[in-house]
Each structure stands twice: as structure tokens, then as C-alpha cells.
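A.B. asks: Sequence:
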Amino acid sequence: MTGQTTPEQLEKTTKCGVQAWAAQGIVGRGVLLDYWSYAKESYDVNSRHPISAKDLKACAMAQGTQFEYGDILIIRTGWIDTYNKMTQEERVKLTEVPAYSHTFVGVDQHPDVADFLHDNYFSVVASDSPAFEVWPQNKEWNHHVNLLPKWGVPIGELWDLERLAEVCQQRGQYAFFFASTPNNIKGKHL
Numbered sequence: 006m007t008g009q010t011t012p013e014q015l016e017k018t019t020k021c022g023v024q025a026w027a028a029q030g031i032v033g034r035g036v037l038l039d040y041w042s043y044a045k046e047s048y049d050v051n052s053r054h055p056i057s058a059k060d061l062k063a064c065a066m067a068q069g070t071q072f073e074y075g076d077i078l079i080i081r082t083g084w085i086d087t088y089n090k091m092t093q094e095e096r097v098k099l100t101e102v103p104a105y106s107h108t109f110v111g112v113d114q115h116p117d118v119a120d121f122l123h124d125n126y127f128s129v130v131a132s133d134s135p136a137f138e139v140w141p142q143n144k145e146w147n148h149h150v151n152l153l154p155k156w157g158v159p160i161g162e163l164w165d166l167e168r169l170a171e172v173c174q175q176r177g178q179y180a181f182f183f184a185s186t187p188n189n190i191k192g193k194h195l
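Note that our numbering numbers the sequence shown so that position 183 is 188, with each residue one more than the last.
Fair warning: there could be bad hints in the mix.
[Stated by the list, open to error] Listed next, the in silico DSBU-like pairs over lysine-lysine satisfying Cα-Cα at most 35 Å (straight line):
1. 45 <-> 59
2. 59 <-> 144
3. 155 <-> 62
4. 144 <-> 98
5. 90 <-> 45
6. 144 <-> 45
7. 45 <-> 62
8. 155 <-> 59
9. 59 <-> 98
10. 59 <-> 90
11. 90 <-> 144
[What the hints assert, rightly or not] Pairwise CB distance ranges, derived in the manner of DEER restraints:
12. 94 <-> 186: 32 to 40 Å
13. 27 <-> 145: 30 to 38 Å
14. 91 <-> 53: 17 to 25 Å
15. 171 <-> 126: 25 to 33 Å
16. 103 <-> 29: 16 to 24 Å
17. 126 <-> 172: 22 to 30 Å
18. 71 <-> 103: 41 to 49 Å
19. 167 <-> 69: 17 to 25 Å
20. 120 <-> 168: 29 to 37 Å
21. 89 <-> 29: 16 to 24 Å
22. 29 <-> 94: 41 to 49 Å
Everything labelled a hint here was simulated from the structure, so no lab data went into it. Ideal placement from N, C-alpha and C gives every residue a C-beta, glycine not left out.
Kindly produce the complete structure, drawing on both the sequences and the hints.
C.D. replies: Here you go:
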């Protein structure tokens with residue numbers, strides 16, 4: 006996954022660490038694709054619901070969103086909205102699922118989505134789901150392998166997008182100024 010990077014270099018975290026992002030921050034034009042609203046909340050976020058490239062393009066078109074080189078793509082899947090509405094009992098049940106047995110909505114792990122991400126030259130991708138990609142993952146295709154080590158594209162997960170979505174809907178504007186700084190934790194690597 007890391008090209009020519011050796012295990013020793015990974016342990017030092019001077020080659021594949023978050024320190025460069027933490028030192029300068031990440032600033033750019035953010036674009037929200039509010040897929041949850043677009044799909045009219047018609048699926049279970051705790052199911053393996055794949056969001057295809059076709060879905061993402063249709064959502065962008067419905068919002069009147071056009072992408073620009075280097076945009077920061079943020080996808081609202083509805084996971085946080087659903088979680089916020091759960092009872093304490095329902096939240097506890099989520100923690101009782103055996104490891105790696107969860108199912109979550111996310112972008113489809115398919116070459117068409119990779120082409121969509123690549124051809125739009127996104128500089129960062131993120132969503133409100135526990136995994137950016139639909140979970141469980143597709144054994145044949147995994148966006149993490151392309152996004153992080155090959156393209157240098159950070160991935161954000163579990164972002165609370167509820168207030169952002171509300172403001173975007175009110176204004177009819179889904180592009181905005183974005184600024185973020187990851188925690189600079191010594192020894193923390195990708």
C-alpha cells in the first residue's frame with residue numbers, strides 16, 4: 006500500500022505522517038453532496054448501501070453543483086443524522102455487533118467511483134459515515150489503497166455534517182470555504 010516506503014520509514018512517520026497537513030492545515034473549496042436529502046432518506050444507513058458514481062453525479066446535478074479542480078468532496082450519507090435520532094438502547098446495540106460485522110452506507114468500492122474521484126481531482130474526500138466506502142469492503146476494490154498512498158488524498162470519516170447541510174439547503178449553495186487542521190500527534194502515521 007505504501008509504494009517504496011519501508012516498514013522502518015513508516016515507524017518514523019517522517020514520510021507518511023500527518024505532520025505536513027497538521028503544520029499547514031487543509032484549506033480549499035469544500036463541496037457538500039447531500040446524498041441523504043437527495044435520496045429522500047430512503048435507505049437504512051446501517052445497511053450495505055453503496056453510493057455509485059451515477060448516484061453522486063445525479064446528486065450534484067440535482068443540487069446544481071459543479072466541481073472545480075482541487076475541491077474537497079464531502080458526502081452526507083445520513084449516518085450521523087440517524088445516529089443522533091437513536092435511543093441510547095439502539096446506540097448500545099451498535100457496539101454489540103462483533104468486530105468487522107458492521108454494515109454501513111458509503112461510496113461504492115467500484116472502479117467507476119475511482120474514476121469519478123480521480124477525474125474530478127478532489128484533494129480531500131470525507132463523509133459522515135464510519136467508513137468513507139460502503140462496509141463491509143469489497144475484496145476486489147478498495148479506495149483507501151488509491152486515495153491515501155497513491156494519490157495523497159486524505160479521507161475523513163464520521164464528520165458531523167448536519168448543521169452544514171442545513172445551511173447549504175437554506176442558501177441553495179453547496180460550495181463553501183473549508184479549513185481544517187488534523188491533530189499533530191507525534192508518532193501518528195497514516
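A.B. asks: Each of the hints needs a verdict: does it hold here or not?
C.D. replies: Each hint tested on the structure:
Restraint check for residue 45 and residue 59: the C-alpha separation of about 16 Å stays at or below 35 Å, so the hint holds. At most 35 Å may separate the alpha-carbon atoms for a hinted pair to count; residue 59 and residue 144 meet this at roughly 21 Å. Restraint check: the Cα-Cα separation between residue 155 and residue 62 comes to about 24 Å, which is no more than 35 Å; the hinted pair holds. This hinted pair checks out: residue 144 and residue 98 have alpha carbons roughly 27 Å apart, not beyond 35 Å.
For the hint pairing residue 90 with residue 45, the CA-to-CA distance comes to about 16 Å; that is within 35 Å, so the pair holds. The hinted pair formed by residue 144 and residue 45 meets the criterion: a straight-line CA distance of about 30 Å does not exceed 35 Å. Restraint check for residue 45 and residue 62: the C-alpha separation of about 16 Å stays at or below 35 Å, so the hint holds. The straight-line distance between the Cα atoms of residue 155 and residue 59 is roughly 24 Å, inside the 35 Å bound, and the hint therefore holds.
The straight-line distance between the Cα atoms of residue 59 and residue 98 is roughly 33 Å, inside the 35 Å bound, and the hint therefore holds. For a cut-off of 35 Å, the pair hint linking residue 59 to residue 90 stands: about 29 Å separates their Cα positions. Between the alpha carbons of residue 90 and residue 144 the distance comes to roughly 32 Å, so the proposed pair stays at or under 35 Å and holds. Roughly 36 Å separates the CB atoms of residue 94 and residue 186, a value that falls within the hinted 32 to 40 Å.
Here the CB-CB span from residue 27 to residue 145 is close to 34 Å, well matched to the stated 30 to 38 Å. A hinted range of 17 to 25 Å for the beta carbons of residue 91 and residue 53 is consistent with their spacing of about 19 Å. For residue 171 paired with residue 126, a C-beta distance near 28 Å keeps the hint of 25 to 33 Å intact. With their beta carbons about 40 Å apart, residue 103 and residue 29 fall outside the hinted range of 16 to 24 Å.
About 25 Å separates the C-beta atoms of residue 126 and residue 172, a value consistent with the hinted range of 22 to 30 Å. Separated by about 43 Å at the C-beta atoms, residue 71 and residue 103 satisfy the suggested range of 41 to 49 Å. Checked against the hint of 17 to 25 Å, the C-beta distance between residue 167 and residue 69 comes to roughly 21 Å, which is consistent with it. Against the hinted window of 29 to 37 Å, the Cβ-Cβ separation of residue 120 and residue 168 comes to about 32 Å, which satisfies the hint.
Range check, residue 89 to residue 29: Cβ separation about 32 Å, and the 16 to 24 Å hint is violated. The hinted range of 41 to 49 Å is satisfied by residue 29 and residue 94, whose Cβ atoms lie roughly 44 Å apart.
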